[in-house]
Structure formats: C-alpha cells, structure tokens
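Asker: One letter stands for each residue in the lines below.
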Amino acid sequence: MEILETLVTWVLLIALALAIGAAVWRALTRIGEAASGSSTVPAIAGVAAGLAAGWFILIDQRLAFLVTVLVGIVIGVVVGRLVGLLVRVQAQLSLVIAVVVALAVALLTVVALDASTLFHFAVVIVAAISTLLVLGASQLPTSIRTNLARVAGVAAVIGAVDWFQAFDRMERMLASPEMARIAVTLWAVVLAVGASAALFIAANLAVNRARTSWAQFTAGAGAVIGFALFGVLDGNRLLQIVGPRESVATGLHDAVNNGPWTLAITSVVIGGIIGYLGGRGYGATIDDRVRSPRIGLGIGLILGLVWGVLFATRIPVDTTVRVLWTAVVGAVLVGIVGYLIGRVEQDRMRAAVGAGGGLVVGLAIGGLLKNIYQPRLETVPLIAAPVVGALVFTAVARLLGRRLGPGALLGAMFGWLIGTFGYPSLGGGPELETMLATGLAGLLGGAAFGLLPHPNAVARTAFEQKARAPIFLAPALASIGLGLVIPLIRTFYLSLFDSRSVEYVGSENYRAIFTDPQSFDYEDRLWLFESRLFWLALLLGVVALVLGFMNGRRTGNSFGSGRVVRRTVAVTLAITALLEFALGRQTDGISGGNPLVIAALVIAAVVVWFVPIGTHIGNAVPQARIDFSGAAGFLGSGAMLLFAMSVFSVIRGTVFNNLWWVFVVTIAVTAFGLVVAVLADRVKNEAVAKSFVFMPLAISFVGAGIIWRFMYIARDPSKEQTGVMNALWVGLGRISTEGYSRTIGIVVMAVLAALIVALAIFGWNEFRRGRSGGGIVVGALIVLAPVLWVLGRFAITDPTQLSLWRFGTITIGGGMGGTGTVTDTGVIQDTTIFFVQDSLPFNNLFLMLVLIWIQTGFAMVIFSAAIKAVPAEYIEAAKMDGANDSQIFWRITLPTIAPTIGVVVTTLIVLVMKVFDIVRVMTNGNFETQVIANEMWQRAFTELNFGLGSALAFVLFLAVVPVMAYNIRNMQREL
Amino acid sequence: MAGAVISQDDGSLTGRIYRFLSAIPTWALWIIVVLWTAPTFSLFVNSFRTRTAQQATGWWTFPNDEAGLSLNNYRDVISTQSSGGLQLGAVNSFAIAIPATIIPIAIAAFAAYAFAWIDFKGRQPLFIATVSLLAVPNQVALIPLLQTYSGGAHQTIPWFDKTITLIPDLGLAGTTTAVWITHTSFAMPFAIFLLHNYISQLPGDIFESARIDGADHFTIFWRLVLPLSVPVLAAFAIFQFLWTWNDYLIALTMIGANGNAHPLTLRIVALAGQFGAQEHLLSAGAFIMAFIPLMVFFLLQRFFVRGLLAGSVKG
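Heads up: the sequence lines are chains A and B, in that order.
Here the first sequence stands for residues 1 to 975, where the numbers follow this note's numbering.
Here the second sequence stands for residues 976 to 1290, where the numbers follow this note's numbering.
Source of the hints: derived by calculation from the structure; they are not laboratory data.
Quick caveat, the model's predicted, so the values are computed rather than measured.
The beta-carbon is built from N, C-alpha and C at its ideal position, and this holds for glycine as well.
You may find that some hints are simply not true.
To list a few chain B residues with every Cβ distance to chain A over 10 Å, as calculated [as the list claims (entries may be wrong)]:
no.	residue
1	Gln1030
2	Arg1098
3	Leu1227
Which bits of chain B does chain A cover? Going by a derived footprint, with three or more residues having C-beta under 8 Å, they are [stated by the list, open to error]:
no.	region
4	1015-1027
5	1207-1217
6	1262-1274
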C-alpha cells in the first residue's frame, strides 16, 4: 500500500505542477497583451528559463530558497521601480544585459563552487532580474515584458513546487524502481519530443533563412551535417554509453544521472523551444486572444512535465562532455565552411574556399578515425574507382540537365571513397594514408559544393518552397517506412526462407500452410445436409426470396433481376462448382466431385449470369399489396448468416475459422449496430442507452476475455452454477423437465401461441379491410415459429416416439437447456456446456460473441450519426407520399447511409481478420478454434520458425489487400 | 415498425394494439442495454465478493453472501507479490501508453498539414499510399521489428563483402520503449488519416490571408492549424491511449519474458493463467485494468465519438 500512496502523491504532485504551470502561464499571457514581438528575444528568455530549470535540481534548502525568491522579488520590485524612475534603459540592451548577468553568475557558481547548494542563486537571479525588468523598466515593449513576466513566473512556480519536494515521503519514493521507471519514461518522452521538435523547428528556421540569408542557411546546414558526421565517425561515443547497458532507457537514465551537462543542454534546448513557441504566440496578423492562452497552456504543460522529470533525477556533478565534444567541433568546423561557401559570391574564390574547407574537414575526420577503420590502400582501385565514379556522375548530371563540374567532382569523391574504404581491407593501415584518403575526399566534396552557383533570390525562394514539404513529411514517412513498410517487405523476404532464415525455400512455406490439414479441414462437409441450420437457412431464404419477388412485382423493382445480385450469385455458384471439383478429387471415399453436380452448378451459374431470372420468377408470383421489403431483407440476411454458419460448421481449420470470424462478426456487428442505432434514435435517454452499449469498446480484448470467461464458467453439474450462461442453461433444463414448472411452461407457451395466432387473424382482417395489417401477420407468424418450437420442447418429453424429427444428435422434445440425464435412482442430473472448450463447432461462435459484444458499440455510434445526418426533407417528402416507418427505413435511410455501411464493414473486416487477443487468452487455439494470427504467433515466437511465421503473416496481409484496393478506389473518387 | 397509417390516438382495439406494438422497439432497446451491460456488471460485483462466495454461487446471489462485499480483493491483488505486481504493471502501462500517445500526434500533425495544404508533386498518390496502409495487419511487421530491436539491422553489401550496420543493436527487445516505438509506427496511417480529414476541412481563407501577410507554412502551422485542431488532436489522443493501454499483441511480442516490463494486460493474462489460488483476484485485477480506459471513456466520450465519426461519416 505504501507504494500506492507514494504513487498517488507523485501523480498529485505532477498534476499540481502542471496545473500551476498552466495557470501561471495563462495568467501571464493574459497580462501581457502584446502588439508585436520577435521570436528571438523570447527564445533567449526561454533558454534562461531552461537553464534555471535544469540547474535548479541541485537545490537542497527549499524553504530557504522559497524565502529567497520571495525576498528577491520584493527587492526586485522596489529596486525596479527606483531604476525605472531614474534611468531610461534601452529595452533590448537591458534584457540582454540582464540575461547575460544572470547566466554568468549562474555559470560561475557552477564552476567555482559546490553546485549543490548554490543553484538556487541562479534561479533567484533569473527571477529577480526578470521581475525587476518587468515591473521597473516601464519603457520596455509589452511583448518583452510579457516574456519576462513568464520567466519570473516560471522561477516562482519552480520555487513553489520545490517546496513540496521537502516532504520526506517524496525522498523515499524517488528511490523505488517504479519511480525510476516513470522518471526514465518521462525523460524518454521529453527527449524524443524535444529533440524531434528541435530538429523540426531548426529545419524550418533554416529553410526560412534560405530565402533571406543564404549564408546563414548554408552555415546551419553545415553545422548539422558536421555534428552528425563527426558524431557518428567518432565511434559513436553516445552509443558507447548507451549501448552496453540493458536498454536505451536505462542507459539514458544513467547518462542523465552522470551528466549535468547532458541535462543542462537538454534543458536549454527544451527551454529554447518553449521560448520560441511562446514568442510565436504573438503574431501581428492573427487573433492573439484566442491562441496565446492555449500556447501558454501548452508551454505550462511542457514546463511542468520537464520539471516533474527533473526533480526525479538528482545529479551528482560529473563530466560527460567527452561524449559530445567531437560532434560539436565537427558542427563548428563544417558550419564555418558552409558559411563561407554561402557567403563568398565570387565563383572562383568560392570553389577555392570549398576545396580548402573540405580538405580541412577531411583531415580532421581522418584524424578521428579509429585504428580499425584505417585502410591499406591499393593502387588499382584507387585510380579506377574515382574515374568510373566521375564518369557515371557526369553522365547522370548530363541526363538531368545539371551542371557537369560539381557532378564530376561528387562522382570522383564517391569513387575515391569506394576505392579507399570500400575495396581494400580495413584496419591497421598507415595513418598518413588514412589522412590522404579522407583529406582528398573532403577536398573533392568541398570543391563540388563550392562550384555550385550562388543562388539568386528567385532560386532561393524556389528552394524554400520545395524544401518545405519534405520537412513536414519526413518524420511521419520515416516512421511509417521504418516501422511498417520495410518490415512488410522484409516479412515477405523472410517467408521465402526456412525457419532460421538461412536457406532459400521458395514458396515452400506457403505450400505448407495451404496443404496443412489443420488449415483446411473439409472431411465433414457432407454433414452439411444433415445440419438443421442449413435447412433452416434454406427455408428462410426461400421465404425471403418469395417476399422479395412479391414486393418486386408491386414496385417493379425485383431485386433478383439486378445485375450485381445475379452476377454475385453466379460467381458463388461457379466457385462452389470449382470447390466441388477440386476437393472431390483429393479425398477418395467421399462422394464429392460428382460430375453431375458440377455440371448442374455450372449450368446454373451460366443461366443466372445471363438471364434476368428474378424478373421471370417475379412475374410468376402474386403481386403484393403491402410492402414486404423489410421482412425480405431481415429474413434474407438471417438466411445468409445461418447458411454461412452451417457451411463453416462443416468446413473447419485455421483458414476457414478466420473466414468464419470475419463473416459472422462483420455481419453481426453491422446488423446489431444498425438495429441499436435505429432503436435508439429519438428515444428518451438516447445518449444513456447508447453509452452503455458503447462501453465495452473501452475495455481491452484481454479484459473482455476475462469478463466472458466468468460468463461461460461451467461447474460440476451436481453443484450450483456460477456462470450466467450455464446457470440459465441448467435453469431452463429444470423448468422444462421438472414437475409443475414444466406444466406452467406448457400453459404459458400455449397461451402465448394462441395470442399470437389471434394477433395474426386480427392483422389479416385489418389487411382485408384495406388497412395495413399485413406486417402484423408476417411478424406474428415469424414469432409463432419459435414459440411453437419451445412448446414442443416442453410438451413432448419422450424422444423415442418422435424419431422422425431426428436431426443430428439432439432430439426435439427432450426439454430445453441442460435437460440432463436421469440416474438409476430417478434423480435428474443437469448437464452443462463448456462453451469455449468442447461445444464443437460452435465454440468458435462463443468466442466471436466476445468481439461482437465489444464492437457493436462502434458500429452503433457511426450508424447513429449517419442516420441523424439523413436530410429531414427526404423523410418529410416520403411521409407526405404515405410511406410508413418501415418503408422509410428500407427505401430512404438505408440507401442514404450505404457509404457509411461500407466504411464500417471494411473497418470491421480489417479488424476481425487479425483477431488474436481473444483467441489467445480464451483458448489459445485449442479445441479447433485456431486462427491465422494466433497460428502465426505460435509458429514465429514460440517455435521460432520465422519462415512459416512470416508466410502466415503475409497471408494475413494478402487477405486484406482487396479491402485496401476498395479503400484506395474510394479515396481516389473523393479526392 | 408496424403500419403507421393507423392513427395512434384512436381509442379502438386497433389503436391500443398499435400502441402496444410500437412500444416494442423501446423495450427491445432497454433489454439490449441491460444485456450489454450485464457482463461488465457481473465482473464488477464479483470483484467485491470473497473467494468462497465467488466459487460457490453466482454473482447474482451477492445479497445472500454471508461475508458481504469488501475491497479485500483489490487490496490483495495490488499488494501481494504473487499477483505479479500489478502496481509495476500499471506503471509500465503508462510508460507505454503516454509516449505512444504523445509522439504520434506530433509527427502526424506535420504530415497531415503537409498533405492538406502544401502543394508538391505526387501529393495525392503519396497520401493515398500512406492512408491505405491503415488496413495492413500489425502481424506483418512483428518479426522484422523484433529482430531489429534485439540485434539491430545489418546489411552486407554484395561484391565489397563488407557488412554495414544500418541500425545499431540498442538492446530494445524486452523493454517498454520497444513497445511504444512500435505503436508509434503502427498508429501513423490512422493518425494522418484522421488529422488530415479535419485539417483539410479548415477554412482556407484564413491561411490565404495569412500567406498574403507574409506567413510561411511553418508559421501557419504553428499559429493557425495547431490551435484550431485541438478537438481532433484530443480525439486521436483518446483513441490512441485506449488502444495502447489495451494492447496485448505488441507488448507480448516485444517484451516477451521480461516480467519487469510487463504492462497490465500481460499481468492480468498471467494471473488468469494460474488457475486456482489466485482466481478470485482476477475480477478485481481485470477491473483495475479496465478502470482507466472506462474513466477516459466516460469523461471524454464526446471527443471519442467525434474522433470515431471524423473517420467515417461524411456530411
């Protein structure tokens, strides 16, 4: 519990820091309404704030600090007033002086004295000078004063939060591994966000400069290149610190702990960004009042975060400057060269400067190279490679219509590098030769850049325009490329190799998947014709078709005559024929592949493809007086679902299971979502109802799996059931088989059946009188069927008398639910269902139920919004024409939201195709519930068969390619 | 859904029957609501019941429990080490979910702006290609990514016979860092899609006038687009947070056996795996895991729904 308390304290504290930071910033932003502002000054102020924040950690005497800050502010106010009265300071100058003095004092204290007791001086000085200038130097521009006020505010907030740190509890807390992990994580976030923001902003600023001041741009670009080049070539010292450790995170943690410099630099960078953003808040052109507080808020959050992180890591004074010095030197060196190249306008002079600078840089790099990288030069490649390189590059430059000189030089440089480092063996070469190799490469590269023409204003503007898109896109595209696209290609590559990715095996892995009897198990396929589901589906389908055709006669819109429907049916028939053909040949002993069946299917397919058969049948059925489109739609979808389930229940295996998942879950979620959305539309408390259906979406698949595990629990039949499902099942069994409750059940069901029949008769009378009672008749009859079925299960308990009704293994009339067996002593024993274990093949269905439960809310929300977006005029117009609710739904609402249904269906297909968590957590693929994603995980990560695992993953990818194609087509149409 | 031609305020039998029938949808709705909530509710109730009560009777009998309801399960599941240390799991979940939420937003916002408002060659094909990656199953990238995390990426250059290291071995396998880096990449297509949908709908006039005033793309992005996009950024943040908090597959793959880095999902699955002794704590543990997403969900539902809709409903 202790750790929980400390955790809570921690969270509260950070929240407090964030809140205070945000509030102060917001208030200060409001105070300082600025007319105009430059971004450089606040950037400097931000740097100061960052420094203050970074060093502040070393403060020990908190109360003393707080008092000092307060006293400092008071003194600052008084002195500032006096100064403001006496002297007229020039605004910018005073600021610069203030900051410089503050920094100098802070730096001196770091260097000269034991830092741990003195850093609050830095903060105090920053706070005091800023406050002084804000309040005292009234002639300063408002924008500067605002930013100074921010600096002062930050210092004050830091002081306030630090005061809280004095609690002993915090001290203990900081030592725990949980806290260390939080600190490291926050650090990683701050560093990652800060570094990428810094890079992004720097790139943008550099490009901004390109238009106005070319030399600054080239200098900046050179500095970045130099930093990276030297940093990497110097044996990656940063990685040396990080690398050998357990992970980057802990390495980072250590680096931070060991180096105040790392911290200081990070703080400065972050502070700079903050200041920059703060300054950017004051634009002359746009409505400041809307934006500035938000920016202030964001800054406050970042500051709070930084601070929260900072005080978690106490820093002993130690030096790790070595890590970065070569990189910094490189940045300066290459930056100077870049500046010169950008500055010198005389062509020849520039080429010379470029060549000379390149030579210096090259020699410096040569000096840096470690022994193991020093080459032993060989004459032939040394001469051949540059020549070839120069020729190739010249040719390319010629083709692209660029200047030949720089191209040839660059080519020579690359050739030279290949000749010196690529071809010969590395390590142990003489240092002089190394210097020669790098020096000449630098000379050539520098000269190539030096030969580039000095761009005029037009060229620079064009460059700025062109450079912008890559800068904005680079981070995202790099992330996608490295994390998604390249791994995708690599997965395909690995799938062509054996389990250890050593030997090329071609399509062997794919063949293994598709010939594995575990993937496709169609042994039981003839059982289809004994399946009650199949016959029920057939019955429903026929009824739906008849209703549809009757409706079609009425409206002249027989759906069976539609080309799309016909061709879909035809293709389905053809595929069935093909399957019959293929499977029949492979399995001897089972009378599949019957040539007559195949011929019949093919003929049927051809007929359906060419003949508008629906119209013909439609002409044969009587014309309907009422609208059956709703009933036909419902029954048709139901028939489809049942049919698919019956098919999937006889054809099993990993791949088919996956298809089963996709089919059932997609259809069920879409249908349920639509039903709930329609039901909830314009009902009182709609939002409440919807949010409860929506709620499972927030629960993880793992959590849902556990929830449903409790639902599905089966206990020994002699004991009380604790799972809801089995309790219901057993309870139903008892009611329908035991004594008087069974009699009551029979009576209730009989009365219900009579009522429904009465309702149907009533509807029929209404219908004959020309009123719209037809729907009631159809509805009543549909409801009647299950009621009669239940009645039958109640009433007839001797199965032997009704062997005619035998389908499969269960017998109608044996009661309902866990009917149980009668023991010798006459005691009725219940039976339970092991839902996900052995209720084959429908255990898959009980797993799918979990996903349906989760996803229905998703479909519902989207459909609900789409239904509300249907233009009211359409519905008004339809009502004027006498359409009823059902007609409005099927004829207006549904077609209008069709695109939305497409989106939901494709989203669901993609989601369900890769279903993993539920299967893994609930059955781990046992009991014939395996799916591709789980199979892939087991092959790849438990058996370490990367070849087969990759192939399975790629199959999963191929399965969604049609969806991708559909999405792409839609997008092309929209854009 | 029955015939609407019959007038409703008709006092006749027909009218009464009609009213009865037309109320069915409302009843059905509330029945569905109850059915949909019952599983969660049952878990909630069970998490307060004692071990013996949970094992002997169903949750619906809780008023009869002799021991009554108590918070003991919560205390036990948090404090005992045998439960696998849920507090560390929670910290790890945050350590994954927070970076995996913040970082993609920053990166995707730039890209979404570029796709929406910067003119460049090949913009549309590139955008479509990026967004079409939305459908790619994550499984397809897992093996190469794990290999990179555990050994870096190296390429042997043919003919020269020298191996260069493209990505050094950073020892990321088994850490939460690997998980959020992976999440960041996987989230990118959806993030760009969602943010682009919103950002491209922002009024272009403002940008036009800003441009006339001399603002460059960078300025427009910082000063105009980001502040105006706060709703969609919030929506995506909620999504991504729920996603990463609830994730199991990526954490399982990238962290593997390193128990110190397991997030809550892995902890709970481990708890569910030890049948018997700890099973009565499972419901409390699962509820702790679900607590934060449910809070996020109920408090920020508006943003969440808005985000969902932004991706799918047009007009």
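Asker: For a quick check of understanding: which of the numbered hints are violated here, in increasing order?
Answerer: 1, 2, 3 and 5
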